[in-house]
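Chains as they are written, first to last, in full-length UniProt numbering: chain A, 1 to 394; chain B, 1 to 394.
Note that these hints are calculated values from the structure, not bench results.
Among these hints, one or two may not hold up.
A pair counts as met if it fits within one copy or between any two copies, since identical chains are not told apart.
To be verified - Think about it this way: if two alpha-carbon atoms lie no more than 25 Å apart in a straight line, the pair counts; the simulated PhoX-like pairs of lysine-lysine are:
#  : residue 1 : residue 2
1  : K28       : K96
2  : K201      : K4
3  : K96       : K268
4  : K82       : K96
5  : K4        : K203
6  : K135      : K347
7  : K4        : K135
8  : K144      : K4
9  : K193      : K90
10 : K235      : K4
11 : K89       : K311
12 : K4        : K268
Protein chains: 2
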Amino acid sequence: MLNKQYTSMLQEKDVIFEIFQYATERAKVVGAENIYDFSLGNPSVPAPSIVNETIVQKVNTLDPLALHGYSPSFGIMETREKIAVFLNKKYGSSYKASNIFMAIGAAGALAHAFRAVTNPGDEIITFAPCFSEYKPYTAGAGLKLTIIPADIDTFQINFAAFEAQLNENTTAVLINSPNNPSGIVYSTETIKKLADILTEKSKEFGHPIYLISDEPYRDIIFEGVDAPYVANYYKNTLTCYSFSKSISLPGERIGYLAVHPDCIEADKIIEICPQISRTIGQNGAASLMQRTVADVCNYTSDLSVYETNKKILFEALKEYGYHCVEPGGTFYMFPRSLEPDSQAFCKKAMEKDLMLVPGDIFGCPGHFRIAYCVPTERVEKALPIFQELAEEYL
Amino acid sequence: MLNKQYTSMLQEKDVIFEIFQYATERAKVVGAENIYDFSLGNPSVPAPSIVNETIVQKVNTLDPLALHGYSPSFGIMETREKIAVFLNKKYGSSYKASNIFMAIGAAGALAHAFRAVTNPGDEIITFAPCFSEYKPYTAGAGLKLTIIPADIDTFQINFAAFEAQLNENTTAVLINSPNNPSGIVYSTETIKKLADILTEKSKEFGHPIYLISDEPYRDIIFEGVDAPYVANYYKNTLTCYSFSKSISLPGERIGYLAVHPDCIEADKIIEICPQISRTIGQNGAASLMQRTVADVCNYTSDLSVYETNKKILFEALKEYGYHCVEPGGTFYMFPRSLEPDSQAFCKKAMEKDLMLVPGDIFGCPGHFRIAYCVPTERVEKALPIFQELAEEYL
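Pulled out of the complex, with its shape left as it was, chain A reads as follows (with noise of 0.2 Å):
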């Protein structure tokens, strides 16, 4: 008999999938150029040209055995000691090469991550507005996924329902900053207070509480946004990398897990990666992608058109009547919708062609997600739709 509990999961399919995928109907139809597409947070900025460069020399002069050979389980050891000396000379950590697991992307280091440090049963709490996919991450794992509502103001972080619902069953918090969708970095003093409580509360019950850091737009930060690095904070912390977004390869699903190296247990967790590995499909990094990254991960492609893009976008929608939190990195800005349905929000932009993802799968009704990595001229045609959208309502 087929999965249930995947066969299930067909009706809740992925809206942001869906959503793009009437866009580029629609586009055959009416014109690409006059589909506005906001809903997909696929990098709009090519790869640095050392990328490609370092591909063609590795292809070119590595033995190919060597080359695409099988990598050690934990990934390719001259990786991860570049990766942790780049991250050392960045934040002043002190993390080894043995600190890094090579993974397929974000995703994929969340995947190790999260089956480390739980078991199943056990609860992870996270913030919204979140990614909507931490359900499908989580519930793989066996976890209770709890989702402290919003501090819409701020998006920052609604401590008070946080520590209401801290009990002895959670083992994890995961937290995603720079944020999809609102954009938002913590600031210092968010993640200071979160790493005070965790130390507490770790402390009261008994056993650690991991902090689970998603960070794939880490790179993606605007001028003067107090981002602090994550794991300096708090010791029991286990990054989640992606090359997706800071150098534009999410079709190549290459990232890492970087265990702060003070973390209880720090060496058994990077060591039970690879047996996770083998549980879910030995989903390793790709060989040529872990040789490539080594020599590039303090390269980043040009990220500058998001900021300008933002800055576009965030002035406009101000003036139309629009409410929003200024973000303070990523390419994502998460308004509120003009009416309390956010569904039907996005369903009137969508008949104007404007494809906007309703907060709803964030776990924050009442809003909706632009995903602006999109050329600034498109930013700039759609404006007159944002506006022509907002006096329906004003």
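Following the hints, complete the assembly by docking chain B onto the known chain A.
For chain B alone, coordinates are given in the frame of chain A:
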């Protein structure tokens, strides 16, 4: 608390890899030229040059946003199409692109296949000798794995034991031909008989018993060997393939699941694969590699060395007094150990710096595996050690 299941797995770590690691350490002491390492199934011939040429061509000609961007969750359509066409031409099958799901190697394909057609608690049956990783693979999907004892005279299927075991909870049967570790290829007679039993029992139990066919060694078949394409004999077949061995890309983690077009619920099986992927780490195949294999799926490495090695080794072992069923493919051989305790036997070999893997981990004690994916010269130089070892017993 760290995960109990994965922590306990550390006790029964990958034996093969431990032997390989010992060999690597030992090589530092006595020199690599004095170590005869037959532990790992790592291809010894490079990828055909067309592979690297194709990678470079893709990198140099495709728009980097498309090249490295998110793929559809089923895999890139063009790649799925080309694979379907290739399979149909080679095996007379009638796959459509929609029957193909791109996965991270055969392990990734298996991870999806197991989860698609079973529910946790179901029984899956496989046949000794079998790949040691089937245990964690199926445990990860919550399955009860039953291993049917080997027919050690032929290493075809022990049908009497199989039929006695089949029951209502059996929802899938897993086979691996050409086989790791025996090198045996299931004959047309074996596959036909298996298909007949599965058809009959599916009727009797009132639900399909799916056949999951793990085929990473499908392209390494020796001259004159009867090697049927499994799915042609049983429509409810899910074929799991990897490019690891055929074009020597094990580290690139690229393969696919092909569902027979007439399989019961074929469309739904593929449809739920991306849902499965969401829960086990979004483990889709990397984009550049998908585009590469699309163009080279009709190529293989020069695989002839494996047959050369087989001949030399098989004849020599026979002469020295070993008993071995002659392999029909792969780069493995699975002779009987010269004492009933194959672990003790392999330890004795190891003392002579000859690295062999005891059959116990393949569900078939009393045997040992030789992975002869090494240069022919290494095989030749190892022969006197095999002989010396035999002389201690005979």
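Could you work out which earlier hints the structure fails to respect and list their numbers in ascending sequence? Hint 11 alone not satisfied by this model.
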